[in-house]
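Based on the sequences and whatever the hints tell you, model everything.
Top line first, the protein sequences correspond to chains A and B.
Per my numbering, the very first residue in the first sequence carries number 620; after that it's consecutive.
Per my numbering, the very first residue in the second sequence carries number 51; after that it's consecutive.
Since the hints were derived computationally from the structure, they do not count as laboratory data.
One should not assume that every hint holds.
Derived lysine-lysine pairs resembling DSS-like cross-links, with alpha carbons at most 27 Å apart [unchecked claim]:
(1) A:Lys660 - B:Lys86
(2) B:Lys114 - B:Lys86
(3) A:Lys639 - A:Lys674
(4) B:Lys148 - A:Lys683
(5) A:Lys633 - A:Lys660
(6) B:Lys88 - B:Lys106
(7) B:Lys77 - A:Lys639
(8) B:Lys148 - A:Lys674
(9) B:Lys148 - B:Lys67
(10) B:Lys86 - B:Lys118
(11) A:Lys660 - B:Lys148
(12) B:Lys119 - B:Lys106
(13) B:Lys114 - B:Lys148
(14) A:Lys639 - A:Lys660
(15) B:Lys118 - B:Lys101
(16) B:Lys148 - B:Lys118
(17) A:Lys683 - A:Lys633
(18) B:Lys119 - B:Lys148
(19) B:Lys148 - B:Lys88
(20) B:Lys106 - B:Lys148
(21) A:Lys639 - B:Lys88
(22) B:Lys77 - A:Lys660
(23) B:Lys118 - B:Lys88
(24) A:Lys660 - B:Lys88
(25) B:Lys110 - B:Lys67
(26) B:Lys114 - A:Lys685
(27) B:Lys101 - B:Lys86
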Amino acid sequence: GAVVSQHPSWVICKSGTSVKIECRSLDFQATTMFWYRQFPKQSLMLMATSNEGSKATYEQGVEKDKFLINHASLTLSTLTVTSAHPEDSSFYICSARVGGGTLSSYNEQFFGPGTRLTVL
Amino acid sequence: SQELEQSPQSLIVQEGKNLTINCTSSKTLYGLYWYKQKYGEGLIFLMMLQKGGEEKSHEKITAKLDEKKQQSSLHITASQPSHAGIYLCGADYNSWGKLQFGAGTQVVVTP
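In structure tokens, the structure reads:
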């Protein structure tokens with residue numbers, strides 16, 4: 620089946636530092652990846668859409684200069700939390716959408732295991 | 051007002067019994083996704099529905115999308131402990147794949 624990995628699975632950092640989170644589709648190509656944020660006992664909130672070869676599009680209220688997204692290839696997107704502060708502590712989850720080529724799973728969307736960020 | 055409502059918020063079911071979770075949208079859906087999540091972990095893809103009246107099944111889980119494409123249900127037959135977790139429906143309103151999620155349903159399966 621379609622597998623999406625995230626690295627790291629958890630990270631603790633000091634306030635003011637930057638943290639990079641990687642999202643990889645392991646066995647399929649994903650022209651589009653998404654980044655979500657989840658607070659404790661709440662549902663997922665979409666942060667941004669990451670398109671291979673173009674700039675990411677951000678949801679209203681998400682600071683693009685704080686959450687830098689790069690979609691370097693059809694299997695890799697990265698989210699960098701710049702100058703992290705305690706309020707950025709959260710569970711970040713990426714998803715990858717199946718593009719063309721596999722009709723049976725076209726448009727299906729698979730999620731990574733998440734990255735728990737704690738900013739001290 | 052909420053565009054996507056999921057119910058119930060939580061469900062306790064005895065092992066072997068059936069359960070149903072509903073997801074209702076105030077707008078017509080392009081697609082509806084069902085996922086399962088264990089607290090603090092990623093989402094496990096269950097099913098995606100795109101056509102009005104569509105129904106899909108996998109093992110003991112069946113999902114349906116109504117003809118109007120505004121309401122979906124997830125039904126589990128003869129629940130097992132492995133079915134415990136948080137079930138989330140995600141709505142795609144415009145084919146872009148940007149999902150808006152329901153609040154989730156916590157399912158507990160008792161012996």
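Taking 27 Å as the top limit, are the C-alpha atoms of Lys114 (chain B) and Lys148 (chain B) close enough?
Judged against 27 Å, a Cα distance of about 21 Å means the pair holds.
For Lys633 (chain A) and Lys660 (chain A), compute the direct alpha-carbon distance and say whether it is at most 27 Å.
holds (25 Å)
Please work out if Lys86 (chain B) and Lys118 (chain B) have their alpha carbons no farther apart than 27 Å.
holds (25 Å)
What's the verdict on Lys106 (chain B) and Lys148 (chain B), does the C-alpha distance respect the 27 Å limit or exceed it?
It holds: about 22 Å lies between the C-alpha atoms, which stays within 27 Å.
Run the distance test for Lys148 (chain B) versus Lys88 (chain B): straight-line Cα separation, threshold 27 Å.
At roughly 22 Å apart (the allowed maximum being 27 Å), Lys88 (chain B) and Lys148 (chain B) satisfy the hint.
Straight-line Cα separation of Lys77 (chain B) and Lys660 (chain A) no greater than 27 Å?
Holds: Lys77 (chain B) and Lys660 (chain A) sit about 26 Å apart, inside 27 Å.
CA of Lys119 (chain B) to CA of Lys106 (chain B), is that 27 Å or under?
holds (14 Å)
Straight-line Cα separation of Lys148 (chain B) and Lys67 (chain B) no greater than 27 Å?
Distance ~34 Å between Lys148 (chain B) and Lys67 (chain B) Cα, so the pair is violated.
Distance restraint between Lys683 (chain A) and Lys633 (chain A), which requires alpha-carbon spacing of 27 Å or less:
Distance of about 21 Å is within 27 Å: holds.
Could you grab the alpha-carbon distance between Lys118 (chain B) and Lys101 (chain B) and see if it respects the 27 Å cut-off?
holds (9 Å)
Is Lys639 (chain A) close enough to Lys88 (chain B), meaning Cα to Cα at most 27 Å?
holds (24 Å)
Is the straight-line distance between the alpha-carbon of Lys88 (chain B) and that of Lys106 (chain B) 27 Å or less?
holds (22 Å)
Of the numbered hints stated above, those contradicted by the structure are hints 7, 9, 23 and 26, listed in ascending order.
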